[in-house]
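Asks: Quick note, the sequences are listed as chains A and F, same order.
Under the working numbering, residues 519 to 801 are what the first sequence spells out, in order.
Under the working numbering, residues 398 to 651 are what the second sequence spells out, in order.
Fair warning: there could be bad hints in the mix.
Here are the simulated DSSO-like pairs of lysine-lysine, each with C-alpha atoms no more than 30 Å apart in a straight line [unchecked claim]:
#	chain 1	residue 1	chain 2	residue 2
1	F	Lys553	F	Lys420
2	F	Lys420	F	Lys631
3	F	Lys553	F	Lys513
4	F	Lys631	F	Lys610
5	F	Lys408	F	Lys631
6	F	Lys610	F	Lys420
7	F	Lys513	A	Lys693
8	F	Lys408	A	Lys693
9	F	Lys420	F	Lys408
10	F	Lys408	F	Lys610
11	A	Lys787	F	Lys513
12	F	Lys553	A	Lys693
For the record, the hints were derived by calculation from the structure and aren't laboratory data.
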Amino acid sequence: MLESFSDVIACSPIRRAVVACILSGASCSLLSVFVVLMRMPLIGVSMSHAAFAGAVIGMVLGFNPFLSGLALCLLVAAALGPLSDRTDLDPENALGIVFSFLMGVAFLGMGILTRTKASALNLMWGSLLTLSQTDVLILATVTAALLLFVATMFKEIGSVLFNRRLAASSGVPEKGIYYFLLFLTGAVVSSNLATVGGLLIFALLVQPGATALQLTYDLRLFFVISVLAGVGACLSGLAVSYVFDLPSGASVVLMSTIFFAAAFVFSPKRRKSKLNVKDWKDA
Amino acid sequence: MIEVANLSVTKGDTRLLSNVNLKVSQGELVGILGPNGAGKSTLINVIAGFERFDGALSLWGQRQAWRRPRSTRLRIGYIPQTFEVDPAFPISAVEAVLTGAVGRVGLLRRAGVSEKQDAMRLLEMMRIGHLARRPLGQLSGGERQKVFLARAIIQKPDILLLDEPTSNLDIAVQREVLNLIDEIHLAHSITMLMVTHDFNLLPASMERAVLLKRGRLVFDGEIRQALSGENLSKLFDYPLATFDQDGRRFVSYA
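Work out the full structure, taking the sequences as your base and the hints as a guide.
Replies: Here it is in structure tokens:
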């Protein structure tokens with residue numbers, strides 16, 4: 519199966535971009551469920567900047583940007599978990615400090631880079647049409663790991679999303695789940711640097727989940743809608759980018775915003791008076 | 398069953414609990430009473446495993462660290478003050494109750510028919526069965542608190558910790574929630590510790606109370622003795638009086 523998958527992505531840049539779009543949309547939008555429901559958008563921002571800063575450091579020092587991005591992401595994830603659990607430190611302040619520090623590191627690296635500034639800039643907004651086969655394979659592995667995590671731990675995830683303290687009190691390994699989630703965030707963000715980039719990925723970490731929030735009260739459906747919104751935004755963004763010769767990352771983000779705006783305008787949850795109360799009672 | 402010896406909790410420069418000693422037997426319902434900042438919630442947070450501490454805590458005769466294995470956490474239920482839930486959050490009342498059974502069901506297994514039936518039965522017991530499919534965030538504070546009660550019971554705990562379960566509720570719902578706590582205590586013989594600072598809102602089956610003041614345990618005994626004008630005036634540094642009506646003791650300004 520891996521061989522046939524390799525054949526598909528080896529075929530042409532366009533086909534590879536389409537596969538990457540689906541993987542990128544699926545991985546980011548699965549994560550966005552957590553980002554939106556646990557109200558941790560700053561964690562998403564910090565991780566995306568960690569990946570970006572790590573990749574730039576990699577370029578300066580001559581390492582693989584993905585690996586250095588992933589390494590810094592995991593380092594930040596390892597620090598953020600215990601930091602956000604400390605009661606004597608405001609988590610928002612801690613995240614603000616981490617975020618600004620990483621921005622500083624990234625731009626310092628950009629300043630030091632004497633050559634290949636263009637490839638560093640590509641890490642900011644990505645380029646779906648110039649992906650390598652390895653980029654797509656890494657993305658596929660990370661997406662599969664995230665899918666497996668959600669599928670096997672769904673009830674524990676639901677419990678943690680609802681309330682971490684209550685989950686802990688009823689014997690759910692909430693710290694393990696939360697920290698593993700941070701780890702996966704790092705992996706997803708760094709593997710998506712090449713597709714949508716370290717700055718624009720933030721949109722995909724928030725908007726698909728925010729879109730689903732407008733449309734359903736069912737957590738399973740929430741994940742499904744979020745993935746459809748994310749993959750839909752990526753594929754339509756790629757099409758727009760190809761047809762109008764626009765940057766692909768920016769097109770994806772704009773399409774994602776349009777999806778959210780449509781869900782917001784037509785949200786049945788916002789028009790509560792029109793909801794069928796009978797359904798709640800009879801379901 | 399619960400034994401606390403020389404228990405202290407310090408945060409930064411502040412001592413939240415200082416050398417607290419307490420023993421609670423199986424099936425007791427003990428009130429933890431005191432003014433704001435007395436350390437009441439800190440005490441049950443320590444027993445729940447949410448808080449680091451100095452001193453000794455034993456549960457069922459076994460010494461406990463602040464981090465507990467799953468098997469121990471499963472035996473301790475926790476009910477917080479009612480809290481706001483985003484009206485758009487994707488969880489229904491019955492699903493919220495079922496989150497209490499997640500730890501007991503275990504990893505890589507799905508909640509079965511019996512857990513779902515238990516959840517519905519408990520919501521019926523709380524008299525909100527008709528709201529089972531309603532999004533949790535669209536329930537009133539009282540209805541949500543009943544969901545949290547059901548959520549704690551489905552866990553089948555041996556110890557139930559209640560942190561101001563009636564705060565932020567209207568007066569009629571407060572009495573309803575207290576009656577439910579009584580019902581649960583009598584029906585399941587669960588050992589309960591209930592934190593409150595409102596002495597006029599105590600379950601009828603509460604027979605013992607400990608009074609905390611600035612992190613120190615200043616009284617431990619029978620509830621009617623605890624609620625004497627003299628004790629309470631000292632506790633709050635304010636003149637308070639008590640009176641009895643319909644077999645219950647009430648507190649008022651002196």
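Asks: Hint by hint, note whether the structure agrees.
Replies: Outcome of the hint check:
A threshold of 30 Å between alpha carbons decides the hint, and for lysine 553/F with lysine 420/F the separation of about 22 Å falls inside it, so the pair holds. With a C-alpha separation of about 23 Å, the suggested pairing of lysine 420/F with lysine 631/F holds against the 30 Å cut-off. Between the alpha carbons of lysine 553/F and lysine 513/F the distance comes to roughly 14 Å, so the proposed pair stays at or under 30 Å and holds. Note on lysine 631/F and lysine 610/F: the hinted pairing holds, with a Cα-Cα distance of about 9 Å set against a maximum of 30 Å.
Pair hint lysine 408/F plus lysine 631/F holds up; C-alpha atoms about 26 Å apart against a cutoff of 30 Å. As the CA atoms of lysine 610/F and lysine 420/F are separated by approximately 18 Å, the hinted pair is consistent with the 30 Å bound. Annotation: proposed proximity of lysine 513/F to lysine 693/A holds, straight-line Cα distance about 26 Å (limit 30 Å). Distance restraint check for lysine 408/F and lysine 693/A: the Cα-Cα separation of roughly 21 Å lies within the 30 Å cut-off, and the hinted pair is therefore satisfied.
Between lysine 420/F and lysine 408/F, the direct Cα distance comes to roughly 24 Å. Compliance with the 30 Å bound is thereby established for this hinted pair. Pair hint lysine 408/F plus lysine 610/F holds up; C-alpha atoms about 17 Å apart against a cutoff of 30 Å. Note on lysine 787/A and lysine 513/F: the hinted pairing holds, with a Cα-Cα distance of about 26 Å set against a maximum of 30 Å. A threshold of 30 Å between alpha carbons decides the hint, and for lysine 553/F with lysine 693/A the separation of about 22 Å falls inside it, so the pair holds.
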